[in-house]
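Just need the whole structure built from these sequences, with the hints factored in.
Residue numbers (this note's numbering): 152 to 806.
Honestly, the hints are just simulated from the structure, not real lab data. Heads up, some of the hints might be wrong.
Stated by the list, open to error - Pairs of lysine to any residue, SDA-like flavour, derived with a Cα cap of 25 Å:
{"no.": "1", "residue 1": "Lys416", "residue 2": "Leu382"}
{"no.": "2", "residue 1": "Lys283", "residue 2": "Leu328"}
{"no.": "3", "residue 1": "Lys416", "residue 2": "Ser309"}
{"no.": "4", "residue 1": "Lys416", "residue 2": "Arg441"}
{"no.": "5", "residue 1": "Lys303", "residue 2": "Met618"}
{"no.": "6", "residue 1": "Lys416", "residue 2": "Leu324"}
{"no.": "7", "residue 1": "Lys416", "residue 2": "Val304"}
{"no.": "8", "residue 1": "Lys283", "residue 2": "Glu338"}
{"no.": "9", "residue 1": "Lys303", "residue 2": "Val327"}
{"no.": "10", "residue 1": "Lys283", "residue 2": "Val264"}
{"no.": "11", "residue 1": "Lys283", "residue 2": "Arg423"}
{"no.": "12", "residue 1": "Lys303", "residue 2": "Thr484"}
{"no.": "13", "residue 1": "Lys416", "residue 2": "Phe566"}
{"no.": "14", "residue 1": "Lys283", "residue 2": "Leu228"}
{"no.": "15", "residue 1": "Lys416", "residue 2": "Asp556"}
{"no.": "16", "residue 1": "Lys416", "residue 2": "Ala281"}
{"no.": "17", "residue 1": "Lys416", "residue 2": "Ser386"}
{"no.": "18", "residue 1": "Lys283", "residue 2": "Asp442"}
{"no.": "19", "residue 1": "Lys303", "residue 2": "His284"}
{"no.": "20", "residue 1": "Lys682", "residue 2": "Leu539"}
{"no.": "21", "residue 1": "Lys416", "residue 2": "Thr484"}
{"no.": "22", "residue 1": "Lys303", "residue 2": "Glu338"}
{"no.": "23", "residue 1": "Lys682", "residue 2": "Thr484"}
{"no.": "24", "residue 1": "Lys416", "residue 2": "Phe377"}
{"no.": "25", "residue 1": "Lys283", "residue 2": "Val304"}
{"no.": "26", "residue 1": "Lys303", "residue 2": "Pro336"}
{"no.": "27", "residue 1": "Lys416", "residue 2": "Gly446"}
{"no.": "28", "residue 1": "Lys682", "residue 2": "Gly759"}
{"no.": "29", "residue 1": "Lys416", "residue 2": "Ala426"}
{"no.": "30", "residue 1": "Lys303", "residue 2": "Leu346"}
{"no.": "31", "residue 1": "Lys682", "residue 2": "Ala581"}
{"no.": "32", "residue 1": "Lys303", "residue 2": "Ala271"}
{"no.": "33", "residue 1": "Lys303", "residue 2": "Glu648"}
{"no.": "34", "residue 1": "Lys283", "residue 2": "Arg305"}
{"no.": "35", "residue 1": "Lys283", "residue 2": "Arg267"}
{"no.": "36", "residue 1": "Lys416", "residue 2": "His284"}
{"no.": "37", "residue 1": "Lys416", "residue 2": "Asp442"}
Said to hold, decoys possible - For each label pair, taking beta carbons as the anchor points, the in silico distance ranges come out as:
{"no.": "38", "residue 1": "Ala477", "residue 2": "Arg607", "range": "39 to 47 Å"}
{"no.": "39", "residue 1": "Asn718", "residue 2": "Arg270", "range": "58 to 66 Å"}
{"no.": "40", "residue 1": "Arg607", "residue 2": "Ser269", "range": "50 to 58 Å"}
Quick reminder that beta carbons are idealized off the backbone N, C-alpha and C, glycines included.
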Amino acid sequence: MDLPTQLLLSVFTLLMIIGLATAAQRLLGVRFGRLRTFLAALVAFGLAQPMLEPILTSLGPIGRENPPAAPALGILLLIVMSVVLIPMVILVIAEALVPPGSVPGPLELIRSVRGRLSRARRYSQITRIAIKHGLGPYLRGRGERLDDRPGKVRLARSLREALDEGGVTFVKLGQVLSTRRDLLPAEFVEELGRLQDQVAPAPWPEIEPVLAAELGGPVDEAFAEFDRTPLAAASIGQVHAARLHSGESVVVKVLRPGIWPVVSKDLDIVRRLAATLESRTRWGRSLGLRDLADGFAAAIREELDFRVEAANMAAVTAGGGVTYPAPISAMCTERVLVMRRLTGRPVTAAAPEQGPQLARDLLDCLLRQILIEGVFHADPHPGNLMLLDDGTLGLLDFGAVGRLDDSVRSALRRFLLAMNRQDPLGVTDALLEVVPRPEDIDEAALERALGQFMARHVTAGMDSAQMFTDLFRIVSAYGLSIPPEVAAVFRALATLEGTLVRLSPGFDLIGEARSFAGRHLAERITPETIKESATQELVALLPMLRRLPRRVERIASAAEHGRFSMNVRLLADDRDRRYVTGLLHQVLLTVLGATAGVMAVILLGTAGGPPALANTTLFQLIGYNLLVIAAILVLRVLALIFRRPRASDDHPARR
Numbered sequence: 152m153d154l155p156t157q158l159l160l161s162v163f164t165l166l167m168i169i170g171l172a173t174a175a176q177r178l179l180g181v182r183f184g185r186l187r188t189f190l191a192a193l194v195a196f197g198l199a200q201p202m203l204e205p206i207l208t209s210l211g212p213i214g215r216e217n218p219p220a221a222p223a224l225g226i227l228l229l230i231v232m233s234v235v236l237i238p239m240v241i242l243v244i245a246e247a248l249v250p251p252g253s254v255p256g257p258l259e260l261i262r263s264v265r266g267r268l269s270r271a272r273r274y275s276q277i278t279r280i281a282i283k284h285g286l287g288p289y290l291r292g293r294g295e296r297l298d299d300r301p302g303k304v305r306l307a308r309s310l311r312e313a314l315d316e317g318g319v320t321f322v323k324l325g326q327v328l329s330t331r332r333d334l335l336p337a338e339f340v341e342e343l344g345r346l347q348d349q350v351a352p353a354p355w356p357e358i359e360p361v362l363a364a365e366l367g368g369p370v371d372e373a374f375a376e377f378d379r380t381p382l383a384a385a386s387i388g389q390v391h392a393a394r395l396h397s398g399e400s401v402v403v404k405v406l407r408p409g410i411w412p413v414v415s416k417d418l419d420i421v422r423r424l425a426a427t428l429e430s431r432t433r434w435g436r437s438l439g440l441r442d443l444a445d446g447f448a449a450a451i452r453e454e455l456d457f458r459v460e461a462a463n464m465a466a467v468t469a470g471g472g473v474t475y476p477a478p479i480s481a482m483c484t485e486r487v488l489v490m491r492r493l494t495g496r497p498v499t500a501a502a503p504e505q506g507p508q509l510a511r512d513l514l515d516c517l518l519r520q521i522l523i524e525g526v527f528h529a530d531p532h533p534g535n536l537m538l539l540d541d542g543t544l545g546l547l548d549f550g551a552v553g554r555l556d557d558s559v560r561s562a563l564r565r566f567l568l569a570m571n572r573q574d575p576l577g578v579t580d581a582l583l584e585v586v587p588r589p590e591d592i593d594e595a596a597l598e599r600a601l602g603q604f605m606a607r608h609v610t611a612g613m614d615s616a617q618m619f620t621d622l623f624r625i626v627s628a629y630g631l632s633i634p635p636e637v638a639a640v641f642r643a644l645a646t647l648e649g650t651l652v653r654l655s656p657g658f659d660l661i662g663e664a665r666s667f668a669g670r671h672l673a674e675r676i677t678p679e680t681i682k683e684s685a686t687q688e689l690v691a692l693l694p695m696l697r698r699l700p701r702r703v704e705r706i707a708s709a710a711e712h713g714r715f716s717m718n719v720r721l722l723a724d725d726r727d728r729r730y731v732t733g734l735l736h737q738v739l740l741t742v743l744g745a746t747a748g749v750m751a752v753i754l755l756g757t758a759g760g761p762p763a764l765a766n767t768t769l770f771q772l773i774g775y776n777l778l779v780i781a782a783i784l785v786l787r788v789l790a791l792i793f794r795r796p797r798a799s800d801d802h803p804a805r806r
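This is the structure we're talking about:
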């Protein structure tokens with residue numbers, strides 16, 4: 152066979168395969184991947200000749216002198232439908248056994264293998280760290296159950312040391328867990344609270360390229376002076392002192408080079424571990440570990456983008472004896488943060504007589520941010536505070552900032568005011584507005600539990616740390632899930648409690664919080680504010696009130712004369728109509744397929760009839776064609792059923 156003939160035959164074969172693929176996909180009514188459809192048609196083309204050659208041979212020679220008879224045309228139609236039926240069967244079986252997306256493509260497979268190898272190395276490193284600190288049995292689920300406090304303390308210390316050695320992501324994870332008194336025992340909360348992310352600074356040759364790239368030129372051109380020795384270094388970044396050409400002293404925070412790949416890999420490990428625990432354990436599902444991991448990852452990513460921190464600094468309102476360094480917006484980028492320098496010393500160096508006033512100023516500032524402003528510093532630990540030269544507090548590091556909408560702030564204000572009045576009913580109502588309300592909650596029992604809680608703790612001189620622990624226990628015992636934004640509030644308050652104790656041992660957090668409620672919240676409820684709120688509500692209701700009498704009169708008149716009726720439009724939404732139409736389409740195809748199959752069986756079982764071919768009657772020929780048509784219709788329904796969970800996700804009933 153010469154080359155042109157081979158090329159012509161190859162092109163004809165390719166066109167036949169493409170035609171088979173197109174016909175199979177159109178008959179099934181579902182879009183499949185191009186590679187999958189082409190492979191199914193290729194297999195069908197390869198199977199067609201050995202399967203159909205005996206049938207074609209039985210027809211005898213067909214040519215110009217010997218044209219095919221009418222029954223032979225029916226056989227040819229049956230052959231064509233049978234050939235098209237083969238890729239349809241293959242596609243439906245593949246859809247059922249290997250749904251789209253379950254097998255990655257070549258490029259995705261290569262990236263997946265590389266990612267798996269990278270994660271495997273990190274898994275191995277983390278496992279070695281855990282085994283080194285005695286956590287190996289707990290990773291296998293065989294650790295001993297510790298009921299005594301010394302054993303819990305030892306395990307908590309081992310966990311802290313392992314997280315500390317694991318790197319920045321696991322240090323941050325431990326810091327977040329140290330604020331979740333509702334999840335962890337007190338021994339773990341106390342030990343994880345000691346985690347610090349202070350590390351050795353990165354050398355200047357690694358920092359200088361980052362600054363030059365972000366600032367668009369050499370460091371000496373951007374600043375009049377720049378101290379190469381950092382003031383402080385953490386696992387995420389380090390801080391240098393500098394002076395602008397205007398003479399203003401600033402602080403430059405630089406993201407540590409090469410941190411993104413490590414953090415991204417660790418966050419992927421944390422997410423996969425959380426997903427596994429949520430799918431395999433009951434406690435993982437009850438805690439919503441997947442959502443917790445997603446929230447943690449989002450917080451870490453924001454902390455690694457200094458533009459977010461600059462925006463947070465502009466959004467948070469300080470005042471009240473607390474200041475913060477304003478950012479130099481024109482010089483702030485994703486990896487560099489330039490802000491005005493606050494001069495002072497560590498807050499732990501404050502004199503004992505300064506402690507109570509500093510603690511009151513800090514508590515007043517944070518409560519005002521949470522309850523009134525709605526944007527608050529979410530990590531007020533001593534390392535983020537300075538005692539300024541003028542004797543006031545400076546608030547640093549706005550990488551972690553919480554935001555609350557007006558409805559949550561209003562509920563928290565009512566919660567604090569009800570606590571101040573020791574009103575269990577008001578506390579219960581406010582709490583159920585803050586957290587999602589479960590369907591089967593026993594509100595009376597929750598009210599009694601909160602009443603007992605207030606009787607124990609809402610008095611001067613009580614242990615505020617134990618108060619937070621008991622409140623979290625109540626929330627957990629009644630199945631209340633805390634939203635992330637509210638969890639950030641509790642995290643900030645729990646961190647603040649430790650800071651206040653450092654500033655002023657014996658500080659009465661509860662008494663000062665009640666005093667704040669009396670000063671700032673109760674004063675907001677005055678005759679003037681009530682009058683203003685009532686006026687605003689009335690103005691909003693006036694249009695409706697103006698139309699209300701006329702509408703009531705119409706309804707009453709219609710009811711009096713027996714003309715009162717209700718008009719309800721079924722399937723008004725276009726998505727509902729598409730959903731019902733799709734169901735009717737499937738039902739119709741099923742009925743038609745079943746009818747064709749029953750008729751085919753009847754015709755194939757009928758004896759006699761006009762002869763069509765040597766051993767085939769006309770009834771049998773029609774029966775074979777109906778059988779193939781029934782198979783095509785059934786395969787179309789099956790393809791729609793197997794694709795149904797993905798094709799109908801937009802239906803409102805499944806939202």
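Problem set entry | Distance restraint between Lys416 and Ser309, which requires alpha-carbon spacing of 25 Å or less | holds (23 Å)
Exercise. Is it true that the CA of Lys682 sits at most 25 Å from the CA of Gly759?
Worked result: Distance ~96 Å between Lys682 and Gly759 Cα, so the pair is violated.
For this session: Take the C-alpha atoms of Lys303 and Ala271, compute the straight-line distance between them, and say whether it is at most 25 Å.
Result: violated (30 Å)
Exercise. CA of Lys416 to CA of Leu324, is that 25 Å or under?
Worked result: With a Cα-Cα distance of about 14 Å, the restraint between Lys416 and Leu324 holds, given a limit of 25 Å.
Exercise. Does Lys303 pair with Leu346 here, judged by a C-alpha cut-off of 25 Å?
Worked result: This hinted pair holds, its Cα atoms lying about 17 Å apart.
For this session: Starting from the range 50 to 58 Å, see whether the pair Arg607 and Ser269 falls in it by beta-carbon distance.
Result: 51 Å Cβ-Cβ, so the 50 to 58 Å window holds.
Exercise. Are the Cα positions of Lys283 and Arg305 separated by 25 Å at most?
Worked result: Holds. Lys283 to Arg305 sits at ~14 Å (cutoff 25 Å).
Exercise. Holds or violated: Lys682 with Leu539, Cα cutoff 25 Å?
Worked result: Given that 25 Å is the threshold and the Cα spacing comes to 43 Å, the pair is violated.
Exercise. Holds or violated: Lys283 with Val264, Cα cutoff 25 Å?
Worked result: violated (28 Å)
Exercise. Holds or violated: are the alpha carbons of Lys682 and Thr484 at most 25 Å from each other?
Worked result: violated (47 Å)
Exercise. Between Lys283 and Asp442, is the straight-line Cα distance small enough, at 25 Å or below?
Worked result: Given that 25 Å is the threshold and the Cα spacing comes to 30 Å, the pair is violated.
Problem set entry | Pair hint Lys303 and Glu648, alpha-carbon separation not exceeding 25 Å | Roughly 23 Å between the alpha carbons, so the hint for Lys303 and Glu648 holds.
When each numbered hint is compared with the structure, violations occur for hints 1, 7, 10, 12, 13, 14, 15, 18, 20, 23, 24, 28 and 32.
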